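Asks: Here is how the chains run, residue by residue.
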Amino acid sequence: MTLPAAPTATASPAAAPRAPEPSQRAGTGGDLRRAACQVLLGNWTGSSTVPSHQLYPHQWSWDSAFIAIGLRHLSPVRAQQEVETLLAAQWGDGRVPHIVFNRAVPLDAYFPSPDFWRSSSAGAAAGAPRTTETSGVVQPPVHALAAWLVHSADPDTSARRGFLARVYPRLVAWHRYLADHRDLGGHGLAAVVHPWEPGMDNSPCWDGPLARVEPAAAGSFRRADLVHGSAADRPTDLDYRRYVRLAAEYRDHGYRDAEAPHSFAVEDPGFNALFIAAEYALARIAEALGGEAEPHRQRAAALTEALVERLWSPEAGQFLCRDLRAASGGRAARDGQGGRLVAERSAAGLLPLVAPQLPRPIVRTLLRTVSGEHYGLGTAVRLLPSYDLRGAAFDRHRYWRGPAWFNVNWLLERGLRRHGEEARADALAAEVLHAAAASGFAEYLDPYTGQGRGARGFSWTAALALDLLARDAAGPKPAAAEAPPAASGPAPRIPAPAPVPASEKGP
Amino acid sequence: MFKTACQEQLLPGETLQHKWEFAQEAGYDGIELRGKGDFHFRDRLPELRRAKADGVVMPTVCVDMLHFFAAFDSDLRRDALAQLTSQLSVIAELGGVGAQTPASYGMFSRRLPPFTPPRSAEQDRDVLLDGLTRLGEHARAEGVTLFLEPLNRYEDHMVNRLEQAAELIRTVGLDSVRIGIDSYHMNIEEADPPAAILAAAPYIGHAQVSDSNRYQPGAGHLDWSAWLGALDSAGYDGYLAVECRLAPEAEPAEALASIPPFLAARAGGTVR
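Going down the list, the sequences are from chains A and B. For the first sequence, the working numbering gives the first residue as 900, with consecutive numbering after it. For the second sequence, the working numbering gives the first residue as 218, with consecutive numbering after it.
Incorrect hints may have been included.
Unchecked claim - So the derived label-pair ranges between C-beta atoms look like this:
# : chain 1 : residue 1 : chain 2 : residue 2 : range
1 : B       : Pro478    : A       : Ala1157   : 37 to 47 Å
2 : A       : Thr944    : B       : Ala467    : 33 to 43 Å
3 : B       : Gly312    : A       : Gly1319   : 48 to 58 Å
4 : A       : Ala1003   : B       : Pro465    : 37 to 47 Å
5 : A       : Arg1029   : B       : Phe289    : 38 to 48 Å
6 : A       : Arg1111   : B       : Met218    : 33 to 43 Å
Unchecked claim - Which stretches of chain B does chain A cover? Using the computed rule of at least three CB atoms under 8 Å from a CB of chain A, they are:
# : segment
7 : 406–415
8 : 439–450
Said to hold, decoys possible - A few chain A residues that face chain B, going by a derived Cβ cut-off under 8 Å, partial list only:
#  : residue
9  : Arg933
10 : Leu940
11 : Gly945
12 : Ser946
13 : Leu973
14 : Ser974
15 : Pro975
16 : Val976
17 : Arg977
18 : Ala1116
19 : Ser1119
20 : Phe1120
Quick caveat, the hints were computed from the structure, so don't treat them as lab data. All values derive from a computational prediction rather than experimental measurement. Positions of the beta carbon are idealized from the N, C-alpha and C atoms, including for glycine.
Sequences are here, hints too, so could you generate the full structure?
Replies: Here it is in structure tokens:
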């Protein structure tokens, strides 16, 4: 036992060690997991997660769903809260707004801001929340799928908190809104009324439908996205003026779908594919709650049938968007379905691979298209680009006009696995993880070089990497959680229940 | 990958060897010792040496006294420094990693009468920096670490949050002084405990665990998945030392045995 030496009066200042940046740490699976957790913990605001503190400082609808899918591996409670806080901003008519604004963030941090949307006043007749400001448009309905996956990660905590019982009626109302208010084509699919709604804001698919929209006056608003994003990567000013015109028109009609002119109305295969997957997830949730699953399965089957009927293009070998406001003429002929198909190939047209009851011939064609000349997955590029590599509008850097996105690739990975393409799914998952690590969890990537673009430390990139890592750790792949395996017949039918992998099984 | 330890007074058994048998059976990787005053801990050396020889793993000691190195009274302060200095030497001899102490405990709270402490904040700081420097130098010489534990506002008025401890440690400038975090105190003091862990990541040297109600992990409402996920993301791979009371309705042995599997499940595979 020794007594201490006399203390030195001035100790030398130790160099303060710092936690490494995510991109520096993401070498191995464990490091990648830690780096992804750092992103999600850092972007947590207390009740939800921002996609990125700089570029997107509020809560986004489909972002929150994808974030929850990853967050469930870090904190099931937070993942449940992520879904709950989004659904707490649901409107009386059932719509789930695409942005829930954080009142603590300055108005000029994001455009269009709450004073543009004016949801609590302009949206009052549609049942907008009185005390929370939101946008008035929606995003793809991936929430029921997220809710089911979140529940499955920790059924005990979910049951203790009454998670499913609380979110189920809201999810049902959300789907009912899409079915009742958004079937603008009248044939069973949900239409989007703004390019921000399908999530792929700046896709060349919207160029045609958008061209008919009178742009808002130049200088009538100030974009905030260019403060943090490069102008060369973001939508053009002219497109932005059209976005603003459409949103203002919707707002000025009280966000009431029956009254709004909806000069932009498109049936998007990605949006509807996620609607289908979510409807199957609702069936699982209903079952877990002891309710009726069959109506959900029937709606999913009907949606699948309508999707094939209205949006499948045998010539393109993929699904296409249908422009409901298009007159006759143009490159694609009228087909008696109302409007016409948009002759642009977007990755959204491959996302129906997540729909479990897709006719097998269509699945086979889609699987070929994924690796064909237009998308080049596994040959020209390592991750699925958002748009046709050979398309006239292809731009490897500009928002949704070519770059690869992590949520799209996560969905494709799921689709490949669902249809038995395990090796291709494994390869894609490995590429997604590699790209997430190498880019510091970028918002999106140059599909050729893999170079990161847009925000870094992007929440859904980190979340979906975490989800793929967890699948690796868990062993068996959980693709068929919310629905039975693909049918082999040509026509979509009402599916029978099928076994659920233990990892995602409900109570 | 975390390891788990259990404080000795919680474990059943008359001797450390018996306690260790139980602890291993329950899934613990070590025993956290408690260091009483009057050089009681030093006087236990024969017992501790025998335990070590018998394979008992004792990585840390937590000070178990009623006065501490930042006491208002200079005699008490001197004694606390002497006790802790001795405890650092003992834990070093046992091959452990360090000793944990708060600045004070039960001495003063700004939330309780008379609300204003008898010493200024500047004087508090001088005392803290002096004590941490002396103890840190000694710890460095012994090859171990002093862990400074922030306590909640009702138990200590000087160091309540991780950022306060980190700031002191940066000023002291010794790698041999780190933060000993405690989930229970953090739940009261930190706005976002996982975010606080990440912010203080480079300075965290030890972790004690108990739930929101001071009972065993799992008995309260802490978000353990997020807390442990943050600790893992912070690069921490040391011990999670159980310092808690056991919920009154719990059967003690069962409650103790429930903790390692509970923490492992919540940590998603990052607890050994």
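Asks: Decide, hint by hint, whether the structure agrees.
Replies: Here is how each hint holds up against the structure:
1. B/Pro478 x A/Ala1157: 37 to 47 Å: violated (56 Å)
2. A/Thr944 x B/Ala467: 33 to 43 Å: holds (36 Å)
3. B/Gly312 x A/Gly1319: 48 to 58 Å: With Cβ atoms ~55 Å apart, the hint holds.
4. A/Ala1003 x B/Pro465: 37 to 47 Å: Holds - the Cβ-Cβ distance for A/Ala1003 and B/Pro465, about 41 Å, lies within 37 to 47 Å.
5. A/Arg1029 x B/Phe289: 38 to 48 Å: violated (53 Å)
6. A/Arg1111 x B/Met218: 33 to 43 Å: Hint violated: Cβ distance 59 Å, outside 33 to 43 Å.
7. 406–415: holds (count 5)
8. 439–450: This one holds; 7 residues, not fewer than the three required, reach chain A with a Cβ under 8 Å.
9. Arg933: holds (4 Å)
10. Leu940: holds (5 Å)
11. Gly945: holds (7 Å)
12. Ser946: A/Ser946 check fails; min Cβ-Cβ to chain B is 11 Å, beyond 8 Å.
13. Leu973: Holds. Min distance 5 Å.
14. Ser974: holds (4 Å)
15. Pro975: holds (6 Å)
16. Val976: holds (5 Å)
17. Arg977: Holds - the Cβ of A/Arg977 comes within 8 Å of chain B, reaching about 6 Å at its closest.
18. Ala1116: violated (43 Å)
19. Ser1119: Violated: closest Cβ of chain B sits about 39 Å from A/Ser1119, beyond 8 Å.
20. Phe1120: Hint violated; A/Phe1120 Cβ to chain B Cβ min 34 Å, cut 8 Å.
Of the hints listed earlier, those the structure fails to meet are numbers 1, 5, 6, 12, 18, 19, 20, in rising order.
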